[in-house]
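S.K.: Chain by chain, the residues:
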Amino acid sequence: MTLGRIQITGGFLLLLSLLFCFDRQHLLACFLVAAALHEAGHLLALRCVGGKVRCLRLTALGAEMVLDGRRLSYWGELAAALAGPGAGFLGAYAGALWGARGGGEAAYLFSGISFILSVFNLLPARSLDGGRALFSLLALLFSLRTAELVCRVSTVTVIGIVCLFGVFLLVISRGNFTLLAVGLWLLASDRREKKVVKRAYPR
Amino acid sequence: MQTGYRARTARPRSAARMKTKRSGKTAALGKKEKRRMIQLIICAGIFLVMVAAKIVYPAGIDRVRGDIMGVITQDVDYKAAFSSIGRAIGEGGGVTDVLSRVYVAVVHPGRTVAVSGVTEGFLSEQDYLSTSAGDGSAILNRRVNRVFDASAASSPEAAQQPEAEPIQASSESETAEITHLSAVIEVEPAYSGPALPDGVSLKHELLGITFTSPLKGEISSPFGYREHPVDGGEKFHYGIDLAADTGAAVGAFADGKVIAVGDSSSLGKYLEIEHAGGVTTLYAHCSKICVSAGQSVAMGSKVAEVGNTGISTGPHLHFEVHLNGIYLNPAWYLTTV
Chain A
1 MTLGRIQITG GFLLLLSLLF CFDRQHLLAC FLVAAALHEA GHLLALRCVG
51 GKVRCLRLTA LGAEMVLDGR RLSYWGELAA ALAGPGAGFL GAYAGALWGA
101 RGGGEAAYLF SGISFILSVF NLLPARSLDG GRALFSLLAL LFSLRTAELV
151 CRVSTVTVIG IVCLFGVFLL VISRGNFTLL AVGLWLLASD RREKKVVKRA
201 YPR
Chain B
1 MQTGYRARTA RPRSAARMKT KRSGKTAALG KKEKRRMIQL IICAGIFLVM
51 VAAKIVYPAG IDRVRGDIMG VITQDVDYKA AFSSIGRAIG EGGGVTDVLS
101 RVYVAVVHPG RTVAVSGVTE GFLSEQDYLS TSAGDGSAIL NRRVNRVFDA
151 SAASSPEAAQ QPEAEPIQAS SESETAEITH LSAVIEVEPA YSGPALPDGV
201 SLKHELLGIT FTSPLKGEIS SPFGYREHPV DGGEKFHYGI DLAADTGAAV
251 GAFADGKVIA VGDSSSLGKY LEIEHAGGVT TLYAHCSKIC VSAGQSVAMG
301 SKVAEVGNTG ISTGPHLHFE VHLNGIYLNP AWYLTTV
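Going down the list, the protein sequences come from chains A and B. Position one of the first sequence corresponds to residue 1 (UniProt numbering), numbered consecutively onward. Position one of the second sequence corresponds to residue 1 (UniProt numbering), numbered consecutively onward.
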């Protein structure tokens with residue numbers, strides 16, 4: 001379903017219904033706001049480096065921007081990738097200041113969520129902003145080959161560590177599977193990323 | 001949780017598709033589009049049903065919510081874990097402090113998170129949902145609020161903590177006794193440590209009830225500031241730890257009514273008993289709770305068994321005594337081994 005340049009998937013509708021019915025801790029709401037801020041950061045940077053956004057896809061797991069036109073330069077890619085977490089950190093800092101001035105628990109909650117979201121997105125995995133930034137940086141400083149190799153290694157390492165911690169948490173807390181779910185999601189999205197790259201750049 | 005962007009360039013295939021749309025003809029939907037459409041319709045349907053349910057039958061939704069949240073969170077309070085990160089940033093904590101909280105939030109979210117020194121007075125939403133007594137929830141609510149008010153305790157004004165309310169004597173003879181005893185006991189023990197948190201009193205308050213020790217055991221960790229055995233760092237211990245073997249019987253401090261029975265990630269299996277005179281006691285880290293909320297218990301009767309549940313380095317009983325909401329030092333009221 002497309003409204004102008006925003007594409008809404010079924011998953012997103014499910015997320016909204018969950019939010020409406022079950023979220024009393026404002027956890028989900030804060031997450032959505034933090035995600036929106038993150039995307040805004042990306043969007044701003046993309047406009048600045050000349051990229052064109054075809055549409056914004058709202059899925060159950062967050063938002064995706066599909067680009068149009070030529071690929072960005074490596075500098076542009078680097079800037080755009082880092083802008084998202086950057087906006088997130090700024091938001092976290094602002095939220096914390098607001099909380100310190102009496103914004104209440106919601107302010108601190110938003111701050112913490114935004115901070116964690118930014119840190120997570122900076123992990124050097126291929127499907128995350130951090131991985132993209134690392135790839136662009138290495139491609140600029142060394143060669144495409146080096147960039148690919150290092151990114152492949154770092155992606156595997158990151159996914160491995162997250163899954164490991166996920167299992168650890170599962171055992172320690174006797175059943176909490178959320179971290180493990182994140183690790184498995186990383187794995188799945190990495191597979192998806194590989195397929196997209198293969199289709200776009202068939203060797 | 002990823003919110004990135006996909007740098008997919010518009011491929012020729014999709015350009016052809018767009019051309020078909022613009023030409024006005026509704027070309028037959030491809031398999032993928034059909035699937036997406038069906039998914040969307042189903043999800044939209046679910047969305048409408050849930051919105052309607054929430055409006056028409058909110059109680060049912062709440063119950064379902066409790067079950068779902070129970071499964072997802074499994075005793076973990078994400079809200080508090082994330083909030084602590086925000087607090088660390090707001091209070092100008094160093095990078096290491098913030099990052100260590102991120103680590104705790106992600107890898108050990110069930111752990112009590114230091115909020116200006118409060119430890120075991122911290123409950124997850126699961127605990128709140130699991131207590132079955134009506135009155136108990138008010139006390140638990142107070143505890144949860146205490147966690148979030150604790151940040152105020154770090155200010156120097158908190159050092160002048162509220163003095164405990166004067167004890168009401170229940171009979172004339174008691175008045176005489178109390179006056180006499182208070183002349184002897186009404187001395188604040190010499191204390192030269194950091195400012196006490198809110199709601200704590202080191203005074204040996206007279207409880208006005210007959211009581212007995214819940215357990216005969218060595219005090220392995222006293223009331224007051226201590227280095228937290230699991231987290232490290234200076235934290236305030238709101239009760240007393242009595243070492244004992246797993247399975248040892250825990251007796252009720254005094255006659256009273258069980259107001260709360262629960263299972264928390266930090267306190268493990270715990271129960272709270274309300275006695276006369278505004279006194280309540282808490283027994284935590286138990287392996288087994290032998291009573292249920294609402295039950296009346298007699299002084300000394302078995303209410304639980306010692307265990308190692310929750311955040312605990314070994315089998316022990318964590319015992320707290322409260323008087324009108326103020327944490328007292330239980331050591332005053334124990335018979336030594």
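One or more of the hints may lead you astray.
Computed footprint of chain B on chain A, listed as stretches where at least three residues anywhere in the stretch have a Cβ under 8 Å from a Cβ of chain B [to be verified]: (1) 97-111; (2) 115-121.
Chain B side only, calculated, beta carbon under 7 Å to chain A, not exhaustive [unchecked claim]: (3) Q39; (4) S83; (5) I89; (6) A298.
Calculated directly from the structure, the hints in this document are not laboratory data. Think of the CB as a built atom: it goes at the ideal place given N, C-alpha and C, for glycine as much as any other residue.
S.K.: Would you mind marking each hint as holding or not holding in the structure?
M.R.: How the hints compare with the structure:
no. : hint    : in the structure
1   : 97-111  : holds (count 9)
2   : 115-121 : holds (count 6)
3   : Q39     : holds, 4 Å
4   : S83     : holds, 4 Å
5   : I89     : holds, 4 Å
6   : A298    : violated, 34 Å
Of the numbered hints stated above, the single one contradicted by the structure is hint 6.
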